[in-house]
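Position chain B with the ligands against the provided structure of chain A, taking the given hints into account.
Protein chains in written order, with our numbering: chain A, 16 to 268; chain B, 418 to 630.
Worth flagging that the hints you see were computed from the coordinates, not collected in a lab. Nothing here was measured: the structure is a model prediction, and the numbers come from that model. Be careful, since some hints might not be right.
To be verified - Here are the computed distance ranges between Cβ atoms for each label pair:
| hint | chain 1 | residue 1 | chain 2 | residue 2 | range |
| --- | --- | --- | --- | --- | --- |
| 1 | A | E212 | B | G528 | 57 to 67 Å |
| 2 | B | E628 | A | E212 | 32 to 42 Å |
| 3 | B | K455 | A | D70 | 40 to 50 Å |
| 4 | B | E628 | A | N36 | 36 to 46 Å |
| 5 | B | Y483 | A | V92 | 49 to 59 Å |
Every residue, glycine too, gets a C-beta built ideally from N, C-alpha and C.
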Amino acid sequence: MDEVLAIKNIFKSYGGKTVLNDISLTVGRGEVVSVIGSSGSGKSTLLRCATHLTDIDSGSVAYNGEYMVRTVDSKAVYAPSRELKRICSGFGLVFQNHNLFPHMTVMKNITAAPISVMKTNKEYAYEKARALLKRLDLSDKADAYPFQLSGGQQQRVSIARALICDPEILFFDEPTSALDPELTAGILRYIKDLAAEKMTMVIVTHEMSFARKISSRVVFMNGGTVAAEGAPDELFNNCDNERLRRFLGQFSE
Amino acid sequence: MFRLLLEGMGNTLLIFFVTLIASLPVGLGVSFCRMSKKPIIRWVTKIYISIMRGTPLMLQLLVVRYGPYLLFGIRCTDAYDIYAVLIAFIVNYAAYFAEIYRSGIESVPVGQYEAAQILGFGKVQTFFTVILPQVIKRVLPSITNETITLVKDTSLAFAIGLVEMFTRAKQIASKETSMLPYLFAGILYYIFNYAVAFGMEKAEKAFGYYEIK
Ligand SMILES: Nc1ncnc2c1ncn2[C@@H]1O[C@H](COP(=O)(O)OP(=O)(O)OP(=O)(O)O)[C@@H](O)[C@H]1O
Ligand SMILES: [Mg+2]
Numbered sequence: 016m017d018e019v020l021a022i023k024n025i026f027k028s029y030g031g032k033t034v035l036n037d038i039s040l041t042v043g044r045g046e047v048v049s050v051i052g053s054s055g056s057g058k059s060t061l062l063r064c065a066t067h068l069t070d071i072d073s074g075s076v077a078y079n080g081e082y083m084v085r086t087v088d089s090k091a092v093y094a095p096s097r098e099l100k101r102i103c104s105g106f107g108l109v110f111q112n113h114n115l116f117p118h119m120t121v122m123k124n125i126t127a128a129p130i131s132v133m134k135t136n137k138e139y140a141y142e143k144a145r146a147l148l149k150r151l152d153l154s155d156k157a158d159a160y161p162f163q164l165s166g167g168q169q170q171r172v173s174i175a176r177a178l179i180c181d182p183e184i185l186f187f188d189e190p191t192s193a194l195d196p197e198l199t200a201g202i203l204r205y206i207k208d209l210a211a212e213k214m215t216m217v218i219v220t221h222e223m224s225f226a227r228k229i230s231s232r233v234v235f236m237n238g239g240t241v242a243a244e245g246a247p248d249e250l251f252n253n254c255d256n257e258r259l260r261r262f263l264g265q266f267s268e
Numbered sequence: 418m419f420r421l422l423l424e425g426m427g428n429t430l431l432i433f434f435v436t437l438i439a440s441l442p443v444g445l446g447v448s449f450c451r452m453s454k455k456p457i458i459r460w461v462t463k464i465y466i467s468i469m470r471g472t473p474l475m476l477q478l479l480v481v482r483y484g485p486y487l488l489f490g491i492r493c494t495d496a497y498d499i500y501a502v503l504i505a506f507i508v509n510y511a512a513y514f515a516e517i518y519r520s521g522i523e524s525v526p527v528g529q530y531e532a533a534q535i536l537g538f539g540k541v542q543t544f545f546t547v548i549l550p551q552v553i554k555r556v557l558p559s560i561t562n563e564t565i566t567l568v569k570d571t572s573l574a575f576a577i578g579l580v581e582m583f584t585r586a587k588q589i590a591s592k593e594t595s596m597l598p599y600l601f602a603g604i605l606y607y608i609f610n611y612a613v614a615f616g617m618e619k620a621e622k623a624f625g626y627y628e629i630k
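Extracted from the complex, chain A is given alone in its bound form (with noise of 0.2 Å):
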C-alpha cells in the first residue's frame, strides 16, 4: 500500500503526565481516518505531533517513508531544518478555531502561503483561490475580513487556506465542534466531497454518523492509546471492546 503518513510507536508526556501512550498509525494515499475518543484521551496531540506543533519524545513519523524525526539512541532526532520544512509543506491542518488571520481579507489568508512561501505567480494564486472561493461557495467574500463572516464561513476559508497549498494529507482537528448543527452539516458536506475526490485525510470528530459515512478506517483512542481500530461498520456494530461500547453509548441517546 502507497503509505502517506506513517506514525509509529510514538510517545508523549507532559510533565511526567504520559498523553500518547505508544501510538501507531498508518494512512495510506485516499484514506480517510477518523479518531473518536472522549475528551482528554490525546486525540489533538496526537494530530499536533504529526504536524510538528508539538515535539514527540519518542518514536518516528515519516510522510511517504522520509522521516520527519525518528529515534536514535531513545531520543527524537528531527529532520535537518531544510527538509524538514519540505517535508511539512506535504500536510495542511484546520484547526478547530480556524485561526485565521484577522488583518487579512480572505484572499489575502489564503493566498498569503503560496505568495510568500512557495513563490507562486501572485495571478496564479489568486486566479486558484478564486476557484477554491467557488468551490466553497465563498465567492463574493473574497474581500471580507475575517470578522464580517460566520462561524461555518470563516472555516470554510481555512479549508480553503490549507487546500490551495495541494496537501497530500489534510489534519482536521473537530473542525465541526466550534459550530451549531446547521453550520455542521454544511461543513461535512464540503469534506464529504474531498473524500469522494480521494483526498486523503485524518479528521478528529465527535460526529460518529459522519465517521461512519465518509472513513476509510475509524480510529478509537482510549488514554493516550489506539483502543480499537478498523472499518466503520465493523467498529461500530459489533464491538467486544467494553470503553468503546461505552463510549459510543454517549451518542445513541
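Coordinates of chain B with the ligands only, in the frame set by chain A:
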C-alpha cells in the same frame, strides 16, 4: 516674545521627533531581549526596564549629562547638552515602549503562530506578516498615551539648561515679570499635543478596518 518662544520650540520639536523615531524601533528590539530564551539577556533587560520605569526621567537626564564628568572626569561642552537629552530620552522611552510591545506580542493568540507555521512561514516572516500588524493595532492606544507624555516631558531638558520652549518661557517671564510667557508656552504645548492626538487617532482609524476577537 512669541518669536523667542517659537525659537525654543525648535529644540522641543527636535527632542520629540528624534526620541519618537528612535525609541519606537529600539523599544521593539528591547522587547525581544525581554522575551529572549536566554535567561541572562531576559534578566538584564528586566533590570534595565525596571530602573528606567522606577526612577525619574529628570534624574536619568542629569546622570547622562553630568555622569561623564562626575564619574570619569570627562568634561563635556554645552554642545553635549542636546545629545545628553536625546540619549536619556531614547533610553528611557525605549524601555516604556518595550513593555508596551511585549504586552501586545503576548496577547496575540498562540494559534496565529501555529497557523503560520503550518502554512510554512519562517520565524521572521511570521513575525512581520502575521504578528506585528496585529501587535501595532493592539498597542496603538498605549503608544498614543506615551507620545503625549513625551511632548510634556520635553520640558525636562530645562533641568540641564538646554534652551527649549519651557526654558525660554521662564527666561522671558522673569525678565518681564509677567505670566503671559507661561500662558503662551502652555498654549503651544496644548496645540502640539492636540496635533499629536489627532495624528494618532488617524493612525488608529487606519487600523480600524478589521477587528480582533
Ligand atoms: N500543552 C500541554 N501541557 C500540558 N498538558 C497538556 C498539553 N496539551 C495537552 N495536554 C494534556 O494532554 C491530554 C490530552 O489532550 P488532548 O488535547 O490531546 O485531548 P483530546 O483528545 O484532543 O481532547 P478533546 O476531545 O477535549 O479535544 C489532556 O489530559 C491534556 O490535559
Ligand atoms: Mg482536542
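Here is how each hint holds up against the structure:
In this structure the supplied range 57 to 67 Å is violated for A:E212 paired with B:G528, their Cβ-Cβ distance being about 28 Å. A beta carbon spacing of about 35 Å between B:E628 and A:E212 agrees with the range 32 to 42 Å that was offered as a hint. The beta-carbon spacing between B:K455 and A:D70, approximately 20 Å, falls outside the hinted interval of 40 to 50 Å. The hint said 36 to 46 Å for the Cβ distance between B:E628 and A:N36, and at roughly 42 Å that hint holds.
At roughly 57 Å, the beta-carbon separation of B:Y483 and A:V92 lies within the given 49 to 59 Å, and the hint holds.
When each numbered hint is compared with the structure, violations occur for hints 1 and 3.
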